[in-house]
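So the chains spell out like this:
Protein chains: 2
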Amino acid sequence: METMIPNPTTAPVISSQDLLKHWQAHRGLTRRVIDAFPEKELFEFSIGGMRPFSKMVYELLAIAAPGVKEIATGTSEELKEDLSQATTKDKILALWDEATAAIDQYWALIPDEKFQEKIMAFGQYEGTVISSVLYYIDNEIHHRGQGYVYLRALGVEPPNFWER
Amino acid sequence: METMIPNPTTAPVISSQDLLKHWQAHRGLTRRVIDAFPEKELFEFSIGGMRPFSKMVYELLAIAAPGVKEIATGTSEELKEDLSQATTKDKILALWDEATAAIDQYWALIPDEKFQEKIMAFGQYEGTVISSVLYYIDNEIHHRGQGYVYLRALGVEPPNFWER
Numbered sequence: 001m002e003t004m005i006p007n008p009t010t011a012p013v014i015s016s017q018d019l020l021k022h023w024q025a026h027r028g029l030t031r032r033v034i035d036a037f038p039e040k041e042l043f044e045f046s047i048g049g050m051r052p053f054s055k056m057v058y059e060l061l062a063i064a065a066p067g068v069k070e071i072a073t074g075t076s077e078e079l080k081e082d083l084s085q086a087t088t089k090d091k092i093l094a095l096w097d098e099a100t101a102a103i104d105q106y107w108a109l110i111p112d113e114k115f116q117e118k119i120m121a122f123g124q125y126e127g128t129v130i131s132s133v134l135y136y137i138d139n140e141i142h143h144r145g146q147g148y149v150y151l152r153a154l155g156v157e158p159p160n161f162w163e164r
Numbered sequence: 001m002e003t004m005i006p007n008p009t010t011a012p013v014i015s016s017q018d019l020l021k022h023w024q025a026h027r028g029l030t031r032r033v034i035d036a037f038p039e040k041e042l043f044e045f046s047i048g049g050m051r052p053f054s055k056m057v058y059e060l061l062a063i064a065a066p067g068v069k070e071i072a073t074g075t076s077e078e079l080k081e082d083l084s085q086a087t088t089k090d091k092i093l094a095l096w097d098e099a100t101a102a103i104d105q106y107w108a109l110i111p112d113e114k115f116q117e118k119i120m121a122f123g124q125y126e127g128t129v130i131s132s133v134l135y136y137i138d139n140e141i142h143h144r145g146q147g148y149v150y151l152r153a154l155g156v157e158p159p160n161f162w163e164r
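So the protein sequences, as listed, match chains A and B.
In terms of our numbering, the first sequence has 147 at position 147, counting the first letter as 1, and numbering is strictly consecutive.
In terms of our numbering, the second sequence has 24 at position 24, counting the first letter as 1, and numbering is strictly consecutive.
A couple of the hints might just be wrong.
Taking CB as the label site, the calculated pair distances span [claimed, not checked]: (1) Glu113(B) to Ser76(A): 50 to 60 Å; (2) Glu81(B) to Gly48(A): 24 to 34 Å; (3) Leu93(B) to Ser76(A): 19 to 29 Å; (4) Asp35(B) to Gly49(A): 16 to 26 Å.
Keep in mind that the hints were calculated from the coordinates and are not lab data.
Every residue, glycine too, gets a C-beta built ideally from N, C-alpha and C.
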C-alpha cells in the first residue's frame, strides 16, 4: 500500500500565488524608489563609476516581464536593455506599470509543477524556473538597495524598506 | 473517491532545503563582501549619513541565527545589535561563520508545515514563518547592495553578484 505522506524534500514552504504577491510588493516599493528620484538625477547621478539608477531600472525592466513570459510560454526571450523610449521618469514608471500587468498575466499561465523544471533563461542562464525567478527578485532588491544609497547621497529620504 | 491532486494554492514552488541553500549561498556572498572591505573603512566609511557597513552587518547578525532559532524553538528572541566584541573584520567574520552553523542547526528543526504558521518575530514583527524568513533574506540583499556602492566608492571591485 502506498503512503500518502508527501516527500519532505518537496513539501511547500511558499505557494506560487504568495511568491507572486511577494515580488509584486517588492516591485511596488521599487516603483516608489524610482519616483523618489529627482528627474535629472535619475538619469545622471552616479557613485564610484556605477550606472545611474535609470540604467539599473532598464535592466530590471528587461528581465522581469520578458523573463516571466519566457517561463510561461516557453519562447526564448532576448535580454534587451535598450530602452531608448524611457527618457523621462514618467515614461519609466509607465513601462514599470505595463510590466506589473504583464507579470500577473503570464504568471497565471505557469503551472506549479513547472517551478522545478530546468530552463536556459534568456537563452544563456542555466537554472530552474524557481532559481531564475528568485534571481530576478534578488537582483531587483540588490539594485534598489544601491538606489537607496544614491537617494541618501542626494539628501532624499527613501521610502521605508519594510513598507510594501 | 478522493482525488490525489494537490491543492494548487499550496503546491510547492521551493522546498525548505532549497530555501536554506539559497540563503546560505547569499550569506556566502555577503561574507565575501565583508571581507572585501579594507579594515578601517568597514568601520568608518559612510555615504549620505548612512551607517558604516560593519553596523549593517551587526543588524544582519542580530537577525539571522536568532531569528531562525526563534522559529525552530518557539522561544522569543531579543533583537540585540550591540556587538561590542565585533571590533575587527576577523571577529565579524568569525561571528558570521558561527551564525552559518547555527542557522543550519536550527533550520533542521523546523518542520515544513510550520512555514505557513503565524509568528510575532522578535516579539514585535507580525507575519508568517515564511514571510519572516524572506524578510531576513531580502534585508540582507538590500544592505549588501548598499555595501557594493561603498566598495565602488572606495575603488574596490566587489565580488560578482551572481557568484554564490
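Right, here's what the structure says about each hint:
no.	hint	result
1	Glu113(B) to Ser76(A): 50 to 60 Å	violated (38 Å)
2	Glu81(B) to Gly48(A): 24 to 34 Å	holds (27 Å)
3	Leu93(B) to Ser76(A): 19 to 29 Å	violated (42 Å)
4	Asp35(B) to Gly49(A): 16 to 26 Å	holds (21 Å)
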